[in-house]
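Q: Go ahead and model the full structure; you've got the sequences and the hints to work with.
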Amino acid sequence: MTSYNRNFTGRLDGNPATHIFLASPEMVMAKIFSDDLGFNPVTDTIATQDGNEFKFELPTDDDALPLNGFSDADHVYTFPPSAGRESVQVQISDSSERLQRLSPFPPGPTSDLDNCLILIKVQGKCTTDHITPAGPWFRFRGHLDNISNNTLIGAVNAENGKVNSVTNWLTGERGGAVPQTARAYKQVSQPWVVIGDHNYGEGSSREHAALQPRHLGCVAIIAKSFARIHETNLKKQGVLALTFTDEEDYNHVNSSDRITIHGVADLEPGKTLTVRVLPTGKGEEGWTTQVRHTMSLEEIEYFRAGSALNLMANRKKSTESSPRL
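Just so we're aligned: the sequence shown equals residues 19 to 343 in this note's numbering.
Think of the hints as simulated: they come from the structure by calculation, not from any bench.
Please read these numbers as outputs of a predicted model, since none were measured by experiment.
Don't be surprised by glycine CBs; every beta carbon is placed ideally from N, CA and C.
Keep in mind that a hint or two might mislead.
Restricting the straight-line Cα-Cα distance to at most 30 Å, the calculated cross-link-like pairs of lysine-lysine (DSS-like) are [as the list claims (entries may be wrong)]:
1. Lys143 with Lys180
2. Lys335 with Lys143
3. Lys180 with Lys49
4. Lys242 with Lys289
5. Lys73 with Lys143
6. Lys335 with Lys242
7. Lys242 with Lys254
8. Lys242 with Lys204
9. Lys254 with Lys204
10. Lys143 with Lys254
11. Lys254 with Lys289
12. Lys242 with Lys334
13. Lys73 with Lys49
14. Lys254 with Lys335
15. Lys334 with Lys180
16. Lys180 with Lys204
Simulated DEER-style distance windows between Cβ atoms [unchecked claim]:
17. Asp80 with Gln205: 29 to 35 Å
18. Leu296 with Thr96: 30 to 36 Å
19. Glu191 with Glu302: 21 to 27 Å
20. Asp163 with Leu296: 29 to 35 Å
21. Lys180 with Pro122: 31 to 37 Å
A: Structural data, given as structure tokens:
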């Protein structure tokens with residue numbers, strides 16, 4: 019148990035069997051003093067050496083913030099000069115493996131997302147480190163296409179219980195690597211989705227975990243629930259982050275099913291979407307379920323534009339082209 023915001027398996031000792039649980043500093047210290055992971059500092063006591071019982075006092079709102087507020091850190095940031103910025107040229111070698119200029123994502127769809135394949139149905143925990151592992155991949159952080167070769171290679175496939183082993187539902191090939199299968203779908207303009215479990219995208223807030231699936235053609239993640247920051251990052255990159263209204267529907271979706279998402283043209287804050295699930299090659303009838311999104315009006319504009327950056331660029335162009343009085 020740790021209060022440090024890195025909860026990937028093996029993070030502290032390199033052993034993939036060692037799990038790490040995050041908690042507040044107060045909770046971690048209470049567990050340390052009690053030497054018992056089951057200790058509840060709200061109700062339980064600790065026996066002292068003199069035979070008495072010690073009980074923690076609950077923190078109050080008065081303890082939450084510094085009395086004099088936080089220090090102003092704005093002065094440590096040096097703003098770039100505004101003059102001449104448009105003439106600055108950033109040179110990146112075409113042969114670089116570490117750096118690549120970002121290209122704008124295409125605008126978001128304006129109609130239903132039809133006949134999407136499921137790249138992977140994720141089983142259990144899927145942190146951002148499972149979505150885009152660190153380590154030797156760090157050197158590719160400035161090259162979106164290269165680092166995308168690690169996309170979801172740590173996620174467990176519910177179809178076979180393996181990592182980085184999925185079926186290409188266009189060819190029938192089994193055991194393919196996740197990112198290479200995603201690239202095969204992208205090459206033929208086949209949209210795909212991910213089915214996720216609870217708290218999909220927990221862990222560090224690495225933005226590549228949203229950038230990479232988007233780059234490889236992902237249109238939606240449908241999960242039982244999301245980690246808040248990762249959900250926000252997905253929305254900023256134009257990927258639909260959807261949750262089952264009935265979590266039991268996760269168990270009814272098979273990796274071989276095809277997915278159609280209805281209602282994309284009429285996105286509104288708080289309005290559910292309809293997902294139609296069509297089994298492949300089984301002679302079974304399809305079924306529908308409702309999914310939620312948490313997009314605000316502004317975030318829906320991100321989706322329409324293709325990403326938050328696209329929207330910002332569009333607004334800048336619109337401002338520059340407007341006649342001045």
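Q: Now look at each hint and say whether the structure bears it out.
A: Status of the hints after comparison with the structure:
Distance hint between lysine 143 and lysine 180 is fulfilled; the C-alpha atoms sit about 13 Å from each other, no more than 30 Å. A hinted pair counts as satisfied when its Cα atoms are at most 30 Å apart, and lysine 335 with lysine 143 does not qualify at roughly 42 Å. This hinted pair does not check out: lysine 180 and lysine 49 have alpha carbons roughly 34 Å apart, beyond 30 Å. Note on lysine 242 and lysine 289: the hinted pairing holds, with a Cα-Cα distance of about 17 Å set against a maximum of 30 Å.
As the CA atoms of lysine 73 and lysine 143 are separated by approximately 34 Å, the hinted pair breaks the 30 Å bound. At most 30 Å may separate the alpha-carbon atoms for a hinted pair to count; lysine 335 and lysine 242 exceed this at roughly 39 Å. A threshold of 30 Å between alpha carbons decides the hint, and for lysine 242 with lysine 254 the separation of about 20 Å falls inside it, so the pair holds. Taking the CA atoms of lysine 242 and lysine 204, the gap is near 26 Å; set against the 30 Å cutoff, the hint holds.
With a C-alpha separation of about 20 Å, the suggested pair lysine 254 and lysine 204 falls inside the 30 Å cut-off, and the hint holds. For the suggested pair lysine 143 and lysine 254, the alpha carbons sit about 23 Å apart, so the restraint of at most 30 Å is met. Note on lysine 254 and lysine 289: the hinted pairing holds, with a Cα-Cα distance of about 19 Å set against a maximum of 30 Å. Of the supplied pair hints, the one linking lysine 242 and lysine 334 is violated, its CA atoms being roughly 37 Å apart against a limit of 30 Å.
For a cut-off of 30 Å, the pair hint linking lysine 73 to lysine 49 stands: about 13 Å separates their Cα positions. Straight-line distance between C-alpha atoms of lysine 254 and lysine 335 comes to about 19 Å, which keeps the hinted pair within the 30 Å bound. The suggested pairing of lysine 334 with lysine 180 is violated, with an alpha-carbon distance near 46 Å, which exceeds 30 Å. For the hint pairing lysine 180 with lysine 204, the CA-to-CA distance comes to about 23 Å; that is within 30 Å, so the pair holds.
The hinted window of 29 to 35 Å between aspartate 80 and glutamine 205 is violated, with their beta carbons roughly 59 Å apart. A hinted range of 30 to 36 Å for the beta carbons of leucine 296 and threonine 96 is inconsistent with their spacing of about 55 Å. For the pair glutamate 191 and glutamate 302, the supplied restraint of 21 to 27 Å holds, since their beta-carbon distance comes to about 23 Å. As the Cβ distance of aspartate 163 to leucine 296 is approximately 32 Å, the hint placing it in 29 to 35 Å holds.
Between lysine 180 and proline 122, the C-beta spacing of about 35 Å keeps the proposed range 31 to 37 Å intact.
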